[in-house]
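Could you slot chain C onto chain A? The hints should help.
Number of protein chains: 2
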Amino acid sequence: MLTDSILKGLRVVEASAFVAAPLGGMTLAQLGAEVIRIDPLAGGLDYKRWPVSENNTSLFWCGLNKSKKSVAIDLASPEGRELATALITAPGPDAGILLTNFPPRGFLDHETLKKRRPDLIQLTISGDRHGGSAVDYTINPRLGIPFLTGGGDAQEVWNHVLPAWDLVTGNMAVIGILAAERIRRQTGEGQHIKLALEDAALAVMGHLGLIAEAQLGTRRERVNNDLFGAFGRDFLTGDGERIMIVGLTLKQWKALCKATELSASIAELEVQLNLNLNEEGNRFKAREDIAALLKPWVSSRSLVQIAEVFEKSGVCWSKYQTVQQLVGSDPACSTSNPLFTDVEQSGVGNWLVPGLPLNFSGIPRAPARAAPQLGEHTEEVLTCLLGLSTAELGRLFDKGLIGAPSTQKTTVKA
Amino acid sequence: MLTDSILKGLRVVEASAFVAAPLGGMTLAQLGAEVIRIDPLAGGLDYKRWPVSENNTSLFWCGLNKSKKSVAIDLASPEGRELATALITAPGPDAGILLTNFPPRGFLDHETLKKRRPDLIQLTISGDRHGGSAVDYTINPRLGIPFLTGGGDAQEVWNHVLPAWDLVTGNMAVIGILAAERIRRQTGEGQHIKLALEDAALAVMGHLGLIAEAQLGTRRERVNNDLFGAFGRDFLTGDGERIMIVGLTLKQWKALCKATELSASIAELEVQLNLNLNEEGNRFKAREDIAALLKPWVSSRSLVQIAEVFEKSGVCWSKYQTVQQLVGSDPACSTSNPLFTDVEQSGVGNWLVPGLPLNFSGIPRAPARAAPQLGEHTEEVLTCLLGLSTAELGRLFDKGLIGAPSTQKTTVKA
Numbered sequence: 001m002l003t004d005s006i007l008k009g010l011r012v013v014e015a016s017a018f019v020a021a022p023l024g025g026m027t028l029a030q031l032g033a034e035v036i037r038i039d040p041l042a043g044g045l046d047y048k049r050w051p052v053s054e055n056n057t058s059l060f061w062c063g064l065n066k067s068k069k070s071v072a073i074d075l076a077s078p079e080g081r082e083l084a085t086a087l088i089t090a091p092g093p094d095a096g097i098l099l100t101n102f103p104p105r106g107f108l109d110h111e112t113l114k115k116r117r118p119d120l121i122q123l124t125i126s127g128d129r130h131g132g133s134a135v136d137y138t139i140n141p142r143l144g145i146p147f148l149t150g151g152g153d154a155q156e157v158w159n160h161v162l163p164a165w166d167l168v169t170g171n172m173a174v175i176g177i178l179a180a181e182r183i184r185r186q187t188g189e190g191q192h193i194k195l196a197l198e199d200a201a202l203a204v205m206g207h208l209g210l211i212a213e214a215q216l217g218t219r220r221e222r223v224n225n226d227l228f229g230a231f232g233r234d235f236l237t238g239d240g241e242r243i244m245i246v247g248l249t250l251k252q253w254k255a256l257c258k259a260t261e262l263s264a265s266i267a268e269l270e271v272q273l274n275l276n277l278n279e280e281g282n283r284f285k286a287r288e289d290i291a292a293l294l295k296p297w298v299s300s301r302s303l304v305q306i307a308e309v310f311e312k313s314g315v316c317w318s319k320y321q322t323v324q325q326l327v328g329s330d331p332a333c334s335t336s337n338p339l340f341t342d343v344e345q346s347g348v349g350n351w352l353v354p355g356l357p358l359n360f361s362g363i364p365r366a367p368a369r370a371a372p373q374l375g376e377h378t379e380e381v382l383t384c385l386l387g388l389s390t391a392e393l394g395r396l397f398d399k400g401l402i403g404a405p406s407t408q409k410t411t412v413k414a
Numbered sequence: 001m002l003t004d005s006i007l008k009g010l011r012v013v014e015a016s017a018f019v020a021a022p023l024g025g026m027t028l029a030q031l032g033a034e035v036i037r038i039d040p041l042a043g044g045l046d047y048k049r050w051p052v053s054e055n056n057t058s059l060f061w062c063g064l065n066k067s068k069k070s071v072a073i074d075l076a077s078p079e080g081r082e083l084a085t086a087l088i089t090a091p092g093p094d095a096g097i098l099l100t101n102f103p104p105r106g107f108l109d110h111e112t113l114k115k116r117r118p119d120l121i122q123l124t125i126s127g128d129r130h131g132g133s134a135v136d137y138t139i140n141p142r143l144g145i146p147f148l149t150g151g152g153d154a155q156e157v158w159n160h161v162l163p164a165w166d167l168v169t170g171n172m173a174v175i176g177i178l179a180a181e182r183i184r185r186q187t188g189e190g191q192h193i194k195l196a197l198e199d200a201a202l203a204v205m206g207h208l209g210l211i212a213e214a215q216l217g218t219r220r221e222r223v224n225n226d227l228f229g230a231f232g233r234d235f236l237t238g239d240g241e242r243i244m245i246v247g248l249t250l251k252q253w254k255a256l257c258k259a260t261e262l263s264a265s266i267a268e269l270e271v272q273l274n275l276n277l278n279e280e281g282n283r284f285k286a287r288e289d290i291a292a293l294l295k296p297w298v299s300s301r302s303l304v305q306i307a308e309v310f311e312k313s314g315v316c317w318s319k320y321q322t323v324q325q326l327v328g329s330d331p332a333c334s335t336s337n338p339l340f341t342d343v344e345q346s347g348v349g350n351w352l353v354p355g356l357p358l359n360f361s362g363i364p365r366a367p368a369r370a371a372p373q374l375g376e377h378t379e380e381v382l383t384c385l386l387g388l389s390t391a392e393l394g395r396l397f398d399k400g401l402i403g404a405p406s407t408q409k410t411t412v413k414a
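Here the protein sequences come in this chain order: A and C.
FYI, the working numbering numbers position 193 of the first sequence as 193, with every residue one higher than the one before it.
FYI, the working numbering numbers position 151 of the second sequence as 151, with every residue one higher than the one before it.
Pulled out of the complex, with its shape left as it was, chain A reads as follows (with noise of 0.2 Å):
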């Protein structure tokens, strides 16, 4: 075992809110780092950004904060924005790094906190590059990707479910600190590093080559379900469920063909259209009459009928399923997956907590814990940190200036 935790010792403070930031935290807490979340007295903008409980606690900011400590600090006033200056360049050779999506202004100026502490790593996540406001909801409309999702005509837009952009940003976040703190290591240098949301996106758009592609003049038309490029199509059960088949790789191709018994028909199709469908292109511009062939076959069997085939045969495919019959019936998202931990989540309910996806073999997987409640650690980061004695936190907490979940609610009301 080479350590009980992959990070342990580094420090980050985060100053945060929404998805990108929070999730690098996130994730650098779950590797075993120590994440300090500092928040206004009465939450962050995504305090209560939904889903919701029952009871207006967001599973949202829940689950982007696990594992983290929190610290709640009236930031309007001067006296705590020192407190976040203090705690953000506070000594300490794995500490001084910021994490945070708010402006480089004010008491997050870079030069400013610098000064404090020469070294500082800071990571800031912008909307764009000139540092204005965008969120995923507004990248994504703009890199045409809602034009490419569904069917429907050329006009209609979908747009994505899942913060995809923000999803990528909050893990580029993570690298850049992770590669900023391997040359601070060698050097004792930190800097400033910039990431704007709507770059991370541009990049990923030239990464999978969809600019090269219109750049050449090749309008990407909208296919429904379909796989891009090879064969993949959903298809209805005869029992009304709806699976996905793929075949983009050979492989996959000739185990589906084989599975399915339509080898000779393929083959036929082949000669009709003169085409190789070994070639996966070919089998994108073939789509529909491999589709044809298949929906037969598909249609008069029961998902039990074709899952037992397609398992023997090596066949990639998936049913498709509700959130619900996920988490109540997939095993993969149970405490049967080492993933999860069954987690109490302080005055919420106990629901299932994933951890890091990473599995480390030189280090014990840690089992996913719960998120801070507002201001959990105050008293114990800054007596740690800073040194502040207890009559020293006794004036602040009277003063208004730092919270705790047993003050929360005056303050909140305050």
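None of these hints come from the bench; they were simulated from the model.
Among the hints, a few may not be true.
Here's a subset of chain C near chain A, in silico, CB distances under 7 Å, partners left out [unchecked claim]: (1) G63; (2) L64; (3) I145; (4) N225; (5) G229; (6) G232; (7) L236; (8) V309.
Here the structure is a predicted model, which means the values were calculated and not measured.
From the three backbone atoms N, C-alpha and C, an ideal C-beta is built for every residue, glycine too.
Quick look at chain C alone, frame taken from chain A:
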């Protein structure tokens, strides 16, 4: 300046195909690591993946293998596999890192490789956690997301076009490697890190609160293009353009009400519905009524008029563009954005290529570079890393065990 590239000196060998692992390798390469992708002589499983250019060069492959070195080896032969093993386990303090999405068997077996280099870091991406195969197209249907995307009746499903789970997994692989390399610098010990696409996706479903929501018995409904949990929707302008308008935070909501001069009507609506619309969840509950107030305002104005008002007032919004419009006319997707460089891809053409979205203050921003030709670095890498002589290289070329762009045509036909 700290260095000329942030991961300078780090060397990673990649044995991969498709999105996640190649994206991870490319991110490391754009961060300055030496990333050597090993492929069979005719190219990997993704070498012809669509989109393709007119001469059938994969724009997808070029996009996901930028800045790497390419080595082509006959991996079906024992001698070829020995060359690959030697590359993976070649000495060097910042080397001995393998990124793969192939099963850890045969020459990729971790225990076997460890005998040659005990401190090897191997990151293996698999479909599910048992090592079974799965792709983004089969993971996504199981998660319930297609039932939540778009409009239509409850049984309709829409697959996502963006391989979001692959993107998350590829970035997570980089995080795993950087974290493991950090520990190795402290302890000298390597390890095998496993990462399942399925687990990476399930973890996100938990992080965003979707699993907890289902466990608590709330059924998420599909909401067309509405932003879930606050206000956000698409609208058609008077001149037939489509825009997305967002009132997620209170500040955005206030700006929207002010810009559209609807504050009084909104106040009336609040009384009528007995809902405080300053609370984001109430904006979601009242979204149809809010949209009904906004619709005539938007539809009676042109895009240009709306843009002028919204930009002045700080409204969070964007227009919908096709990929063609993005590439053809959005300044963010052009060389005026330092993310992009016009890059000549050998034998294919010149196009707009994104570099790294992370902008490090201590390190000059490197322009994006092209993908290699298949086998472009075979000679260079085998000479520098394994010390092969010209005579030995000649023998390997003659026996058809290694390939380079000049020999590729012969090799592919063979």
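Okay, the hints, checked on the actual structure:
1. Here the hint on G63 of chain C is kept, as its CB sits about 4 Å from the closest CB of chain A, short of 7 Å.
2. Among the interface hints, the one on L64 of chain C holds; its C-beta lies about 6 Å from the nearest C-beta in chain A, closer than the 7 Å criterion.
3. Of the supplied interface hints, the one on I145 of chain C holds, with its beta-carbon coming within about 6 Å of a beta-carbon of chain A, less than 7 Å.
4. With its C-beta approaching chain A no nearer than about 5 Å, N225 of chain C sits inside the 7 Å limit, and its interface hint holds.
5. Taking 7 Å as the C-beta cut-off, the interface hint given for G229 of chain C holds, the closest approach to chain A being about 3 Å.
6. At about 5 Å, the closest approach between the beta carbon of G232 of chain C and any beta carbon in chain A falls short of 7 Å, and the interface hint on this residue holds.
7. For L236 of chain C, the interface hint is violated, the least distance from its beta-carbon to any beta-carbon of chain A being 9 Å, above 7 Å.
8. Interface restraint check: V309 of chain C against chain A, minimum CB-CB distance 16 Å, threshold 7 Å, status violated.
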